[in-house]
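Combine both chains into one complex, guided by the hints.
Each chain is listed here by its residues.
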Amino acid sequence: MNSSLQQLFLYNNELGKFEKNIFHIKEGLKMNNSIKLLDLSKNNLGRNQKNLYYIMEILKYNTSIINLNLSKNLLGRDNKNIIYIKKGLQINNTIRILNLSHNNIGGNVKIVHFLKECLLINKSKIIFDISQNSLRDVDKIFIGELYNIIYE
Amino acid sequence: MNDLGINEKNMFYFKDALKINKSIEILNISFNLIGKNINNIIYLKEALEVNEKIKELKLNLNFLFSNHKNLFYLKQMLEKNNSLQKLNLSENNWNVDKHIQPELSLDLGSNNSIKELILSQMNYEYEMRMLTYLKED
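Note that the protein sequences, when read in sequence, are chains A and B.
Number 322 marks the last residue of the first sequence (this note's numbering); no jumps.
Number 167 marks the last residue of the second sequence (this note's numbering); no jumps.
Extracted from the complex, chain B is given alone in its bound form (with noise of 0.2 Å):
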């Protein structure tokens, strides 16, 4: 919970680290409300599109289902990345954007890594808590 997603710069310079990284295994960028703006998405593709050490991606609430651009680019991701093994999602709203739905959300295109994949608690109720929270702080 670093608010890394509310200034892209974050994730920029973020995306050149994870690039060159050559020990983190488990990645855990939950609650970064990183779904928030494109680039961010397209800046943690361009990492793990390179990136092969990383096995465990955490993106909990992270608003990535609030535009479906968001899950194209992620798609895009997982196509070249031939390292990750488990991909948690959770907590990302899939009501949003009437454009997505839950078979998209299935779609790993042609990666082979990932074994096992989590996509509990995308329900409205939950992100609206989220909301009411963000704006109270």
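Chain A with its partners taken away, still in its complex shape (with noise of 0.2 Å):
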């Protein structure tokens, strides 16, 4: 098995296309303990909650993950998507930056209530980049003035 692999990029690959490709990756991090770093950007994961559903597993699970990257995957699109990076976070005690910035989250009131959630869940520790998501003032207020946020 792998243990040197500490940054594994995935890059817009249209990932979110079919459930499996997630899923593997999932299993693979199941018995990997050296990626600190994973980038899963631009794959169109909020397509299917059961991607995110697998992404939940892996915060629960994994504890070498540091930086994880799910910015442009359209997870505005369905409510879910946020509750599952929410109950995943809940568990996870190692994510230090989670980048989910241009996911069209902005507008829709349930998923700024959720994102608020997931914002204040270890709030001192992970750095959340939430910028270009189409926030409205108004959401900003709910949200709040926390100082590990990115906003723009």
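If you're looking for bench data, these hints aren't it; they were derived computationally from the structure.
Bear in mind the structure is a predicted one, so any value in this text is a computation, not a measurement.
Take these hints with a grain of salt, some might be off.
Quick list of in silico lysine-lysine cross-link-like pairs, DSSO-like style, CA-CA up to 27 Å [stated by the list, open to error]: (1) A:Lys-190 / B:Lys-85; (2) A:Lys-280 / A:Lys-206; (3) A:Lys-206 / B:Lys-105; (4) B:Lys-85 / A:Lys-206; (5) B:Lys-45 / A:Lys-200; (6) B:Lys-49 / A:Lys-190; (7) B:Lys-99 / A:Lys-187; (8) B:Lys-145 / A:Lys-295; (9) B:Lys-116 / A:Lys-196; (10) A:Lys-190 / B:Lys-145; (11) B:Lys-145 / B:Lys-105; (12) B:Lys-66 / B:Lys-88.
The following block contains the structure:
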């Protein structure tokens, strides 16, 4: 088993098209303790909530990933997507940087509500990038001025 | 972009050069049609099984995933090479050969030197654009 790989870049692969893609990545990461950076950006994961279910599983069971990039995945398409991330973060204790930018989250009150719950988990430990999500001023006021959030 | 892979003799001589190389640490042979001929991959494998200097290898845009045998030899190479730290296989389209699944791409065998693996933009549409470009050329 490989134990040296620290950074895995899988951006822009349309992985969200078939849920087995993220399933296989989840299974691979179960046995891996070396990867610290996982880039899954621009993979249209938000098209199927099952993809985010597997991301939740990764967050629950992996203890090496520090930096997770989920930007540009249309997560705002389904409330469940953010709920799964929240559930994963409730268990996870290693993530320090979570990139949720460019996910069209703004405008949906329920999703903004769930997003706030996400942000309040381990709030002093994780840096959240939620920039470029069309968040309205009212959304930002609701989420509040947490110092570890990147809005712009 | 030198079309090295079009004639396998190019890779044959290139292999001999790489075997005795003692200075190059970053090797970029992207966009060279290397995956179009299995012998090119075998030569690359032979070279990198011996070479201990190269730390970064860029093989973008080489049709590597168009044949699952290419991956077989690449994996063999990775099992013997212990110097590579960064491997970029992006833009090689893993949708062409139905035998290739993303999990195969994650299999680095017993390699313990690679720290950074880049497998971005492996999508079909991108390579279609490449093929169109090659036809026009």
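Hint-by-hint comparison with the structure:
1. A:Lys-190 / B:Lys-85: violated, 32 Å
2. A:Lys-280 / A:Lys-206: Roughly 31 Å between the alpha carbons, so the hint for A:Lys-280 and A:Lys-206 is violated.
3. A:Lys-206 / B:Lys-105: holds, 22 Å
4. B:Lys-85 / A:Lys-206: OK: B:Lys-85 and A:Lys-206 at ~20 Å, within 27 Å.
5. B:Lys-45 / A:Lys-200: Roughly 37 Å separates the two Cα atoms, so the pair is violated.
6. B:Lys-49 / A:Lys-190: At roughly 40 Å apart (the allowed maximum being 27 Å), A:Lys-190 and B:Lys-49 break the hint.
7. B:Lys-99 / A:Lys-187: Roughly 25 Å separates the two Cα atoms, so the pair holds.
8. B:Lys-145 / A:Lys-295: holds, 25 Å
9. B:Lys-116 / A:Lys-196: holds, 22 Å
10. A:Lys-190 / B:Lys-145: holds, 25 Å
11. B:Lys-145 / B:Lys-105: Between B:Lys-145 and B:Lys-105 the Cα gap is close to 15 Å, so the pair holds against 27 Å.
12. B:Lys-66 / B:Lys-88: holds, 17 Å
Checked against the numbered hints above, the structure violates hints 1, 2, 5 and 6; every other hint is satisfied.
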